[in-house]
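Undergrad: The end of the sequence shown is residue 431 by this note's numbering, with every number in the run present.
Just so you know, the hints here were simulated from the structure itself, not pulled from any lab data. Certain hints may be false.
Below 30 Å or equal to it, Euclidean Cα-Cα: the simulated DSSO-like pairs (lysine-lysine) are [said to hold, decoys possible]: (1) Lys-314 x Lys-360; (2) Lys-62 x Lys-209; (3) Lys-373 x Lys-355; (4) Lys-412 x Lys-373; (5) Lys-211 x Lys-267; (6) Lys-373 x Lys-225; (7) Lys-279 x Lys-360; (8) Lys-145 x Lys-109; (9) Lys-145 x Lys-211; (10) Lys-145 x Lys-27; (11) Lys-193 x Lys-279; (12) Lys-59 x Lys-111; (13) Lys-114 x Lys-209; (14) Lys-373 x Lys-111; (15) Lys-373 x Lys-145; (16) Lys-267 x Lys-360; (17) Lys-225 x Lys-314; (18) Lys-145 x Lys-173; (19) Lys-145 x Lys-168; (20) Lys-193 x Lys-111; (21) Lys-25 x Lys-173; (22) Lys-279 x Lys-225; (23) Lys-27 x Lys-225; (24) Lys-168 x Lys-114; (25) Lys-279 x Lys-314; (26) Lys-114 x Lys-173; (27) Lys-225 x Lys-209; (28) Lys-59 x Lys-193.
Computed beta-carbon distance windows for the label pairs [claimed, not checked]: (29) Ser-69 x Asn-312: 53 to 59 Å; (30) Ala-149 x Asn-207: 39 to 45 Å; (31) Lys-62 x Ala-149: 20 to 26 Å; (32) Gln-318 x Phe-134: 20 to 26 Å; (33) Ala-310 x Asp-132: 21 to 27 Å.
If you're wondering where the values come from, they're calculated on a predicted model, not measured in any experiment. Here a beta-carbon is modelled for each residue, glycine too, at the ideal position from N, C-alpha and C.
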Amino acid sequence: MKLFIRLFIFLIIAAALAYGYIWYKNKQAVDGVFQQLSMMTSASYDSTYVSLDGKSVTKNIKITFPGTSTEATIDELHIGAGSLPESFKLVRSIETKQFDEMPSEIGAKIKGFKFPISLDLDANDNFASQPDLFTQMQFAGCGNKQTLAMSEYVDLGYSQVAMDLETKVAYDKHINQANWNMYVTAPDYGSFKMDFLMDNLNFLAPNPKLKSISLEMINDGFVNKLNDFCAQQVELEASQYAERHLAYLQHLLYNNDIYLSEDFYSKYTDYVNNPHSIKLSSFPDNALDAMQLMTMSPQLLISRLNLNVAINDKEVGQLLGNRPDPSQLPMLDEVSEIKETLKTVQGLTLQATDKASIGKYVGYDAYFRYRGKDYKGNIVSVSGNTARVNTALSAGNYVQMPFSISDIRNLKIRREYIIPSEEGEEESPNQ
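Please model the entire structure based on the sequences and the hints provided.
TA: This is the structure in structure tokens:
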């Protein structure tokens with residue numbers, strides 16, 4: 001009996017020592033990280049400890065973005081393996097650099113990350129970057145916008161980004177496979193879920209291959225606000241901007257040698273009008289080498305990934321389409337008219353018109369580009385080089401503005417359809 005009591009006491013002492021060792025190493029590691037951060041910017045935390053399940057828990061983290069006064073905060077940061085013994089193994093493998101002895105599961109969790117949207121971030125070059133293809137797709141047709149400035153996030157009604165993140169890597173060394181998943185949720189923005197399965201993963205000689213991918217993006221209001229913002233940028237109604245966005249998107253993808261099916265564009269049109277979710281899943285016939293993926297053309301990459309897409313929970317039957325003839329691409333800046341916002345006359349059609357003949361169309365509705373912006377309205381008078389147009393600023397809101405005729409571009413007037421003469425001259429609308 002005494003033997004068992006002594007053994008029990010020994011195990012308790014050993015566990016306490018192991019916990020104390022992990023606690024000490026955790027404190028040492030966290031302090032080291034914050035000392036490094038403090039050399040670049042202001043960084044602090046209130047407390048750190050190791051939970052009974054082996055996770056390093058650091059509370060009330062504050063980090064100021066370099067070169068700004070903007071401070072991001074994290075309520076809790078959890079990092080560790082699946083249990084206290086596994087976390088001990090993790091610490092030892094890092095210390096000895098014996099990465100083949102790493103635990104089979106490592107995870108992290110961020111609770112209560114808050115990032116204030118501050119205007120001084122706009123002036124910081126560290127936050128400027130060239131938009132990737134996905135970002136270009138989001139902003140297709142949004143005037144000259146390729147990203148949002150911090151001040152524009154404020155205009156959309158956002159004062160901060162608040163989110164929670166959870167991620168985990170599970171590694172099976174017997175078959176050299178690793179599963180990496182991550183889930184991010186941000187109220188009023190949306191959520192993002194990702195799951196990767198990698199093959200041939202070896203920490204000593206890494207050459208991972210992709211076996212499968214699953215991505216899911218759920219909108220919680222941001223896409224709606226972005227579409228409304230872009231519609232205002234190009235002075236269109238929401239339904240008109242949806243048409244413009246689709247046209248620019250097709251041109252963007254065509255220029256990147258990506259040719260998608262009619263079924264995709266049909267379902268994506270529904271998404272633009274009612275954005276809810278986009279889900280991507282990939283199960284390649286053979287595991288793909290990571291280096292090969294980086295060198296593939298976009299079209300080949302989509303094909304090799306064997307990609308499946310579901311938009312608003314409706315699966316796209318066939319993702320890829322044939323390469324269209326350039327003449328089959330939609331015309332840019334051609335959108336359906338919103339009849340409620342402009343005077344309409346029965347029998348009139350919108351036609352390209354020579355600006356030199358604008359004086360013939362007093363009383364007609366006009367659409368044109370002027371010094372980089374698009375306008376629409378009713379022509380009130382024309383005198384010399386000046387045309388006065390009752391301009392539609394928004395639905396039901398008009399103001400009379402003067403325009404220099406020489407600066408008018410892409411003039412279209414809703415008028416009687418006239419067959420052009422052989423000489424290409426326009427006839428009077430009253431003939």
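Undergrad: So, for every hint listed, does it hold in this structure?
TA: Taking the hints in turn, this is what the structure says about them:
{"no.": "1", "hint": "Lys-314 x Lys-360", "verdict": "violated, 51 Å"}
{"no.": "2", "hint": "Lys-62 x Lys-209", "verdict": "violated, 37 Å"}
{"no.": "3", "hint": "Lys-373 x Lys-355", "verdict": "holds, 16 Å"}
{"no.": "4", "hint": "Lys-412 x Lys-373", "verdict": "holds, 14 Å"}
{"no.": "5", "hint": "Lys-211 x Lys-267", "verdict": "holds, 27 Å"}
{"no.": "6", "hint": "Lys-373 x Lys-225", "verdict": "holds, 21 Å"}
{"no.": "7", "hint": "Lys-279 x Lys-360", "verdict": "violated, 53 Å"}
{"no.": "8", "hint": "Lys-145 x Lys-109", "verdict": "violated, 34 Å"}
{"no.": "9", "hint": "Lys-145 x Lys-211", "verdict": "violated, 36 Å"}
{"no.": "10", "hint": "Lys-145 x Lys-27", "verdict": "violated, 45 Å"}
{"no.": "11", "hint": "Lys-193 x Lys-279", "verdict": "holds, 9 Å"}
{"no.": "12", "hint": "Lys-59 x Lys-111", "verdict": "holds, 9 Å"}
{"no.": "13", "hint": "Lys-114 x Lys-209", "verdict": "violated, 35 Å"}
{"no.": "14", "hint": "Lys-373 x Lys-111", "verdict": "violated, 44 Å"}
{"no.": "15", "hint": "Lys-373 x Lys-145", "verdict": "holds, 14 Å"}
{"no.": "16", "hint": "Lys-267 x Lys-360", "verdict": "violated, 44 Å"}
{"no.": "17", "hint": "Lys-225 x Lys-314", "verdict": "holds, 23 Å"}
{"no.": "18", "hint": "Lys-145 x Lys-173", "verdict": "violated, 47 Å"}
{"no.": "19", "hint": "Lys-145 x Lys-168", "verdict": "violated, 35 Å"}
{"no.": "20", "hint": "Lys-193 x Lys-111", "verdict": "holds, 16 Å"}
{"no.": "21", "hint": "Lys-25 x Lys-173", "verdict": "holds, 26 Å"}
{"no.": "22", "hint": "Lys-279 x Lys-225", "verdict": "holds, 21 Å"}
{"no.": "23", "hint": "Lys-27 x Lys-225", "verdict": "violated, 43 Å"}
{"no.": "24", "hint": "Lys-168 x Lys-114", "verdict": "holds, 21 Å"}
{"no.": "25", "hint": "Lys-279 x Lys-314", "verdict": "holds, 9 Å"}
{"no.": "26", "hint": "Lys-114 x Lys-173", "verdict": "violated, 37 Å"}
{"no.": "27", "hint": "Lys-225 x Lys-209", "verdict": "violated, 38 Å"}
{"no.": "28", "hint": "Lys-59 x Lys-193", "verdict": "holds, 25 Å"}
{"no.": "29", "hint": "Ser-69 x Asn-312: 53 to 59 Å", "verdict": "violated, 41 Å"}
{"no.": "30", "hint": "Ala-149 x Asn-207: 39 to 45 Å", "verdict": "holds, 41 Å"}
{"no.": "31", "hint": "Lys-62 x Ala-149: 20 to 26 Å", "verdict": "holds, 25 Å"}
{"no.": "32", "hint": "Gln-318 x Phe-134: 20 to 26 Å", "verdict": "holds, 21 Å"}
{"no.": "33", "hint": "Ala-310 x Asp-132: 21 to 27 Å", "verdict": "holds, 22 Å"}
Comparing the model with each earlier hint shows violations of hints 1, 2, 7, 8, 9, 10, 13, 14, 16, 18, 19, 23, 26, 27, 29; every other hint is respected.
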